[in-house]
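Visitor: Listed here are the chains, written in short residue letters.
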Amino acid sequence: MNQADLQALRNPLLVVAGVALLGALAVYSSGRLMIAARQQLAQQQLQLKDARTRLQKSGEEKDIIVRYLDSFRQLERNGFVGDEQRINWLDGLRLANQQADLFGVDYQIGAQRPYLHAAEFSPGPLALNQSVMRVRFRLLHEGDLDRFLVSLARQGAGIFAIDQCLLRRIDTRGVIRYQPNVNAECDLSWITVRVSASGEQKKP
Amino acid sequence: MADKLLIGISAQTVTAAHWRGGKIVECLTFANDEGGQADFKDFLDRSADTPTHIMVGAVEEDYRFETLPHAYGSDRADMVGRKLKQHYRNTTYMAATLLGRDTGKRRDDRYLFSALTNPDLIADWLQAVAARGMPIAGIYLLPVVGAGLLDKLDVKATNLLLVAQHATGLRLTFFRDRQFRLSRLTRGDSGRPENRTRYFSEEISNTRLYLHALRTMTLDEHLTVLLIDRGDELQEEAAGVARENPSLDCVRLGRSELAGRLGINNELLEASPYAIYLHLLGLKAPLSNLAPASTMVGYKRFQARRAIYAACGALSVAAAVWTGTNLYQSVMLSGDTEYAARQTALLSSQYQEITRQFPQAPTSAENLKKTVEIAQRLRATAHTPQKVMALLGRALEVSPAIVIRELGWKYGVTEIEAEGARTLEAAPSAPGGAAGQRKESALIDGEVRPFRGDYRSAIITINGFADRLAEEPEVSEVKVVKLPLNVNPALSLSGNTLDNPEQGGTAEFKLLLVIKPPK
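Residue numbers (our numbering), protein chains in the order written: chain A, 1 to 204; chain B, 205 to 723.
Some hints here could point you the wrong way.
[As the list claims (entries may be wrong)] Taking CB as the label site, the calculated pair distances span:
#1 A:Arg32 with B:Arg305: 55 to 63 Å
#2 B:Thr710 with A:Ser122: 48 to 56 Å
#3 A:Leu22 with B:Arg224: 27 to 35 Å
#4 A:Arg32 with B:Ala335: 49 to 57 Å
#5 A:Asp83 with B:Ala586: 19 to 27 Å
Treat the hints as calculated values from the structure; they're not laboratory data.
Note that CB positions come from ideal geometry on N, CA and C, so glycine has one too.
Using the sequences and the accompanying hints, generate a full structural model.
Guide: Right, dumping it as structure tokens:
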């Protein structure tokens, strides 16, 4: 095919190129429409499945609410659910110190951040946070440490986990009297949970 | 069916026909003079861009049968091209048609070489067509086109002589086994009917003699003469030929029979003797095309254009079908989506109706349950140093010489660090540092008291204490991190034997204790 042939066939070739372009455009556009429609259907079918499952489990859902609502309210009150209740923690420290007959507790609370070991509890949409409280106190003897920690847990100021502790004997030169004999230093993680807004039950 | 322009050129006249819808719709005859050519050009102007098939019926034609060695591809084309140039030096209108293979041992190729030996005969007419840019599809000799009659009339005769009266003379075309072998156009006036019978008989006899001379057919062989009588005026001639030549069959085909078997109307048959051939040419163009490549350029482009437009059509149809299928599926899918949406809305409203009877809750049932369960697990899995202290207490009961000065305890993914035990470790700042299972570990810093410089005894006491701890089922590992005297052969050791350890020496040690992780 030479230059003259190409010149003679220019118009038909332009037409075929145009037709091919338009055809490809039409096929592509309609294909995109079809894919979008298919995706919408898949999404809608998923929603339908969810709605059906939710309806089927509505009886079970009511049972769960009845069973767990009181416990949940209790956790709200003691500060595990919702915002941190640091004043409650300090009150708890004060009371635990008194009940364990300690010589006073120094404390230092760090900033709140996501709980490091949240994955162990599979929290799903719930957000677990922690604030590390470092406490320093003196003990009459080693047994007071456990008394203090048990007492703190019973105050109902929230839920904490003990990360680490250090006990160091105080040199009293052999003098035996009512005095601190052990220095203690512990890191406690106060754990709170935040229920996401999307998880709130829609009430009529 | 595509339109065609069919042109039959003879020395005296030109017959042009317009082919449309599988038949000739217009047929005009033009004289071979200036007036005729002007009318012909006017006719062409009305048929622009129509592919044109040209047929030539003239005395100046030549046919040769030859056998050539069997060859393929370019070798065959070169050989045939050389033969054509060798036979026909003065014309560009020539063709070679492969008829088949020879029956001999070599099985050579049999060819029919044909040519129009007087190109000037068609020059002016061809020029008129070419000047209008009309694509010339082919140039054929009339007898070759006439071979199509045998198929249309379904003639079975082995030796057949087709005889037809034309304006320029009598055309006699011989076929053997339905294959074209020879054609003659006699120049002569048939005159009165009685002379015409003799004239026909003489020309048929001359043709038989010529065929005999060419060794194509012997005089003894039976011959069938097919007399084309488009004007129904050759009954007597047909009878006369049969009477004068008992060794042959003379079959006359009258107007009505021709019209019926060929599908041509009577008016067309009457209009021109070429109408039959133009009709055959319109139905099917023969293989033997005399037109050189330069003449066919326009037609090749026409065919390419037509192919491209056909491709356009096919593309359009394919795209339309594809697009239509996609759109149809989209509509169907949208319908399904709407149905699913209605079902979802219905189920949701039913669910809402049911939830009206639920107790008022601050979050979903799932979140309620999970929150309470997490709180329970946190309480249940809480770890304190109590377990380690209990273990130490039991071990110390049987090791009164061991005095604990410092105890570090940790519940974490990593063990407590020996060097960092003096102060609490900085807690990791990112959640990413918490991968792995947590376990309890403790670092015990103590001494052997009283110590009187007996390192051997002190080390035995410390190891005994460590062994007792290791015997506890909850203990995973006990490691002596530091001894009063480092006896590691990899390290240097120095001192003075005059030193008195009783006056202030100590036997300090460090143990790392790891508790088995909870199951």
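Visitor: A separate judgement is required for each hint: does it hold in the structure or not?
Guide: To see whether the hints hold, each was checked on the structure:
no. : hint                               : verdict
1   : A:Arg32 with B:Arg305: 55 to 63 Å  : holds, 59 Å
2   : B:Thr710 with A:Ser122: 48 to 56 Å : holds, 50 Å
3   : A:Leu22 with B:Arg224: 27 to 35 Å  : holds, 31 Å
4   : A:Arg32 with B:Ala335: 49 to 57 Å  : holds, 52 Å
5   : A:Asp83 with B:Ala586: 19 to 27 Å  : holds, 22 Å
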